[in-house]
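Generate coordinates for the entire structure from the input sequences, incorporating the hints supplied.
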Amino acid sequence: MAELTIVGKPITRVDAQEKVTGEAVYGYDLVLPDMLYGKTVFSTRPHAKIKRIDTGKAREFPGVVAVITGKDAPWTHGESIKDKPFLAHDKVRYIGEPVAAVAAEDEDTAQAAAALIEVEYEDLPAYLSPEEACKPGALPIHEDFAGYRKSDFIVTAPLPNVCEHFKLRTGDVERGFRESDLVLEERYTLPTIQHAAMEPHSAHAQVDPASGRVTIWVANDAPFRALHEIAEALGLPLEKIRLINPLQGGGFGSKGGLKVEPIASALAYHTGGRPVRVKFNRQETFISTLTRHEAILYIKSGVKKSGSLCARQMTIYWGAGAYAEKSPTVCIRGSLPAPGPYRIPHVKVDGYAVYTNKPVSGAFRGYGIPQGAWACEQHMDELAKRLGMDPLELRLKNVFVDGDLAYWGEKLHSVGLKETLIKAAEAIEWGKDDISKSKIRSPNLKRGKGLACISKPTRTPTLSKAAVLIDASGGVTVLAGTVEIGQGCSTILSQVAAEELKVPLEKVRMAPLDTDVIPFDASTTSSRSTYHMGNAVRLAAIDVREKLAEMASPMLEAGKDDLSFADGKIHLKEQPQMALPIGEVVRRRLGASGFLRGDSSYTFEIGKDLDLETGHSEHASAFYMYATQAAEAEVDEETGRVRLLRMSAAHDVGKAINPLNCEGQIEGGLAMGIGSALHEHLVVDETGKVRNPSFLDYHLATSLDLPKMIPIIVECPEPEGPYGAKGLGEPGLAPTPAAIGNAVANALGIRIYDLPLSPERVYWAIRRMKKKVA
Amino acid sequence: MLRRFRLEEPETVKDASALLARYGEASRIYAGGTELLLAMKEGLIQYERLINVKKIPGLDRVELENGVVRIGALTTHRSLENDPLLRQQLPAFGQMERNIANVRVREMGTLGGNLCFAEPHADPGTLLMVLGAKLMAEKTSSKREIAAEQFFVDAYETCLEPDELLTEIRIPSTPRRAGVAYLKFGYLERPSVGLGLFLAWNGADTITEARVAVGCAGPKPRRVEESEGLLKGKTSKEASALLGRAGEIAGRAADAISDLHGAADYKQHIVGVLLKRAFQQILQDRSSKA
Amino acid sequence: MKKKIRITLNGNVVSPEVPAHRLLLDLLRDEIGLTGTKEGCGTGDCGACTVLLDGKPVNSCLVLSGELDGADIVTIEGLQIGRELHPIQQAFIQDGGAQCGYCTPGMLMMSKALLDENPNPTEEEIRFALAGNLCRCTGYAKIVKAVQDAAMELRTRHTARQ
Ligand SMILES: Cc1cc2nc3c(=O)[nH]c(=O)nc-3n(C[C@H](O)[C@H](O)[C@H](O)COP(=O)(O)OP(=O)(O)OC[C@H]3O[C@@H](n4cnc5c(N)ncnc54)[C@H](O)[C@@H]3O)c2cc1C
Ligand code: FES
Ligand code: FES
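Residue numbers (my numbering), protein chains in the order written: chain U, 1 to 774; chain C, 1 to 290; chain G, 1 to 162.
Derived DSSO-like pairs: lysine-lysine, alpha-carbon spacing no greater than 27 Å straight-line:
1) U:Lys708 x U:Lys9
2) C:Lys276 x U:Lys439
3) C:Lys55 x G:Lys3
4) G:Lys4 x C:Lys55
Think of the hints as simulated: they come from the structure by calculation, not from any bench.
Put into structure tokens, the structure is as follows:
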């Protein structure tokens with residue numbers, strides 16, 4: 001490969017300037033001409049029949065343009081199970097479910113009118129734990145589940161409220177347990193948490209009365225998927241719907257799926273063609289958008305004295321909340337690698353996604369990996385303890401290496417896991433505990449270290465298309481459907497285009513995301529964009545480069561193969577001074593307003609789909625991301641407060657296209673992981689109500705909560721990836737809680753099985769142990 | 001989103017009180033607004049009229065007079081945090097102020113507003129009790145002085161009459177042979193448990209006066225005389241040995257409730273830990289001063 | 001009841017007519033059209049809405065515009081020095097202090113307030129000052145670094161001027 005000029009450099013972000021000046025317009029900022037203001041009415045019951053909705057007073061309120069309920073929006077949608085109404089139909093399934101909406105001339109009016117809508121309910125029993133909701137005899141939350149339209153891969157179970165049952169079957173676990181020297185069984189849990197992107201949710205919609213064409217402005221992380229889902233629900237052909245993506249103030253998975261979008265589109269049918277904006281404030285965002293799956297994980301392992309893993313069995317209950325949303329795929333892609341990145345001959349996993357009467361769970365950075373890791377990685381330490389082995393050594397003995405056949409049937413390559421383990425451990429001086437312990441200031445403080453590692457697949461197979469345009473001034477425009485959610489894709493993709501065309505970065509511009517003009521992309525999820533869209537942009541750039549070379553060849557009187565690119569020019573390989581600016585080539589052939597376009601399409605072919613009975617696949621993922629994080633923690637035994645002293649995070653990214661950006665992703669992931677380890681819990685009380693829908697009581701990590709962070713980039717190149725790149729967006733938070741949990745256990749000699757490690761929980765665990773000892 | 005209301009801007013305390021008397025429950029004093037606007041935004045309370053008292057001159061001063069620090073009710077947390085007089089006279093108070101909320105809330109929020117809102121998860125009330133503070137209340141026809149202990153009636157409820165304003169907080173300077181500490185514990189944005197401790201000694205290292213107050217854990221801050229009695233008359237060494245017991249008593253007296261901040265028994269336990277640590281801190285301060 | 005107020009906004013005098021209950025954040029965003037100031041919570045917890053009011057950092061989501069007559073307000077749109085970016089803005093770009101950028105205007109205004117008061121803050125002081133500004137993307141490390149770098153740059157400029 002020719003030497004890289006821009007890829008691999010810590011370039012500053014291409015969108016930084018507009019962000020530091022306040023010029024950047026986010027979805028929440030967007031004002032459309034003649035716009036109406038929407039307000040949503042939410043269910044106040046966790047599970048109830050709707051007896052009556054009285055909208056009379058709201059309709060008569062001066063300034064109100066439209067009031068709608070489920071009757072006016074008879075549609076349902078869902079990513080893989082069509083179970084969710086635009087507005088509640090005959091019943092509500094969680095507190096926070098949208099039941100009615102108002103459009104008015106201004107925000108005050110919309111709010112005042114919404115408050116006048118009366119809803120009468122008849123309560124039904126509510127299920128607030130996934131384990132309870134699928135016990136035989138539980139009443140169905142979705143009576144019509146059997147009749148819902150579903151994707152082909154959905155596997156149901158003869159248990160109530162289960163919307164997906166994932167099965168992995170490798171070898172014979174019973175035999176594995178028999179052959180083991182030590183068998184250990186444990187139960188771990190994680191509570192519901194929320195993405196809490198700093199920008200709350202909103203959507204704007206407009207229906208053109210003449211053509212019936214629907215336009216939606218929303219910062220959705222999967223514009224094409226959203227477009228398809230809405231079009232399908234409304235029964236519209238794709239050309240009758242358009243999605244424009246303003247800038248997104250963070251998402252972490254919450255801005256995928258449909259939340260505000262259905263409300264805005266349903267309202268837009270009743271405004272006589274005027275656009276309507278529906279905003280959720282922070283509280284509404286907490287109760288009525290998406291959450292991360294709470295999970296209950298049973299894990300049982302058999303291991304030899306030598307430390308070799310023989311067998312592992314897991315049963316995982318994923319709390320789906322009231323609607324399926326992405327639960328089936330979270331269940332599949334989270335349960336599959338839950339037994340960890342280890343060579344294990346006998347593996348059995350059963351994952352159940354279970355409906356409950358709680359806010360809807362959706363995609364969340366990490367897509368099921370953090371849950372599996374919380375159980376598996378602490379369980380590994382418990383095994384190590386019983387074997388008398390160092391936890392790092394136990395891992396090094398069992399982790400995947402190049403050429404291993406993973407327990408789901410895939411031959412692995414480019415596995416940088418060992419390197420991440422070693423580097424993360426080194427960074428916190430693993431094994432040198434005496435030095436640290438000697439610095440302890442008070443007898444009630446205890447210190448410990450812990451680490452955890454993961455592998456994460458990406459959604460596969462998926463398609464990314466892209467186009468790259470060169471205009472007559474030499475400007476390069478990239479058309480890519482990847483959404484800038486803060487992860488830095490516009491910088492990365494600009495770097496890729498600039499690299500292939502050898503133009504300065506300032507010459508590259510990302511086209512705004514509008515589904516009318518941007519080619520298809522599956523989604524900005526699953527850490528897939530650098531790899532998939534990176535490949536697509538690279539191919540599109542190569543396509544346009546080839547065309548350009550062909551055009552320039554007569555102009556420079558040379559064969560195509562004798563031409564080369566540098567500094568925005570095309571030149572003769574042998575005589576670099578014989579050069580033409582690329583814009584000049586375009587201008588000469590196509591005129592001053594002409595442009596040249598290259599197109600591409602990239603998908604990673606997997607051959608056969610995942611087998612639904614065994615969970616096996618030869619290519620479960622286009623690539624795997626590997627990571628290890630290590631923590632040093634200090635616990636105050638008197639209060640239970642955990643303070644982190646330092647944390648390292650070593651991530652195998654394949655190739656860092658932009659190291660500055662990689663560090664940012666790792667640090668941001670760590671912060672979120674630390675929050676989920678120590679603080680975060682969206683508390684749903686026994687009546688189904690979210691008790692802490694504000695930052696006052698839902699604590700996000702602040703600048704004072706975080707320790708010294710040591711990001712470490714490991715590069716074990718992926719041959720298919722652009723320049724060897726894999727992905728990075730999600731893993732940053734996945735092993736974090738387990739690493740911290742292991743550090744706490746190391747400090748105290750106590751295992752804590754449930755998150756978060758709040759002072760109170762840690763304190764009671766210490767107390768229980770002290771009582772036992774006494 | 002706020003519902004509509006009118007904004008009145010009186011220029012004297014008397015006028016403000018008169019407005020309160022005239023409009024009754026439909027009106028409310030508005031100082032920094034950091035509590036009031038929040039509660040109104042969330043629809044928890046509604047008023048037709050807000051009476052902005054920030055135009056009333058003279059209510060935002062900090063002065064020392066005859067050994068008493070006088071703080072105007074409208075003084076913001078931020079100016080208290082940075083006030084040189086306070087730093088010198090009542091360092092523990094300045095420190096407590098510095099750890100309230102965030103810079104921006106401290107910039108707008110006033111000490112008076114904090115006290116009058118009587119939100120249980122607040123710091124100043126607890127510390128003021130051990131400092132022996134007096135709160136000055138005023139209405140059109142009269143003025144009175146209220147001991148900090150008497151001020152709080154329940155969560156969100158003070159002993160102020162509907163047309164009364166809080167105008168000033170008076171804190172006696174701390175004697176030379178005395179120490180004060182305020183410690184708080186929490187893991188959400190607002191404190192879960194707060195504890196104030198005041199100790200005075202004589203030359204023979206006997207504790208001549210002990211004041212203990214607990215806050216946040218229950219509906220309102222309160223003094224704990226029983227714990228105080230245990231420490232009073234003891235040498236610091238003897239008192240150290242009694243801290244566990246004093247802490248247990250204070251924990252029980254806190255009237256702790258179970259909520260998002262934790263279970264009642266955990267908060268009780270934390271009260272004990274804070275008492276012990278506050279005591280140690282005062283001793284440390286003393287020995288570092290010596 | 002509407003009231004006419006005269007304020008200095010980013011150096012320009014404007015006289016909007018506002019109802020008493022209009023919050024400064026809504027005045028800026030909805031009525032004046034300056035959407036650089038962000039809304040993250042509306043309840044004083046996140047700092048996305050931070051603006052400088054008479055030089056002090058405040059939550060514009062909890063300030064009534066009705067009482068702002070005569071006030072001097074600086075928002076993110078007024079942070080630039082002439083046509084040049086403020087050193088804090090430069091440093092956020094250089095160090096990667098903004099990812100999604102939604103917290104950035106608030107962070108910048110808060111940092112400006114800090115550096116105006118304390119031109120040479122320690123890392124601890126920076127972290128303390130920014131503790132009420134939430135960022136869900138960066139983990140704060142690069143933001144803290146940016147504030148340190150900006151402080152250095154401002155001090156250099158200051159010395160150069162003397
Ligand atoms: C995000 C956040 C975090 C916080 N964290 C903490 C914390 O850690 N510790 C803590 O102690 N506090 C905390 N607070 C509370 C903060 O200290 C108070 O909001 C502030 O002090 C209230 O003052 P104000 O002037 O804004 O009151 P306002 O909101 O103006 O008024 C509050 C109440 O007091 C009444 N009132 C105000 N002044 C007077 C007066 N002079 N006479 C009679 N009645 C009056 C008003 O009518 C109103 O009912 C926090 C607040 C927020 C928003
Ligand atoms: S929007 Fe004002 S503090 Fe969050
Ligand atoms: S950069 Fe996204 S919230 Fe800070």
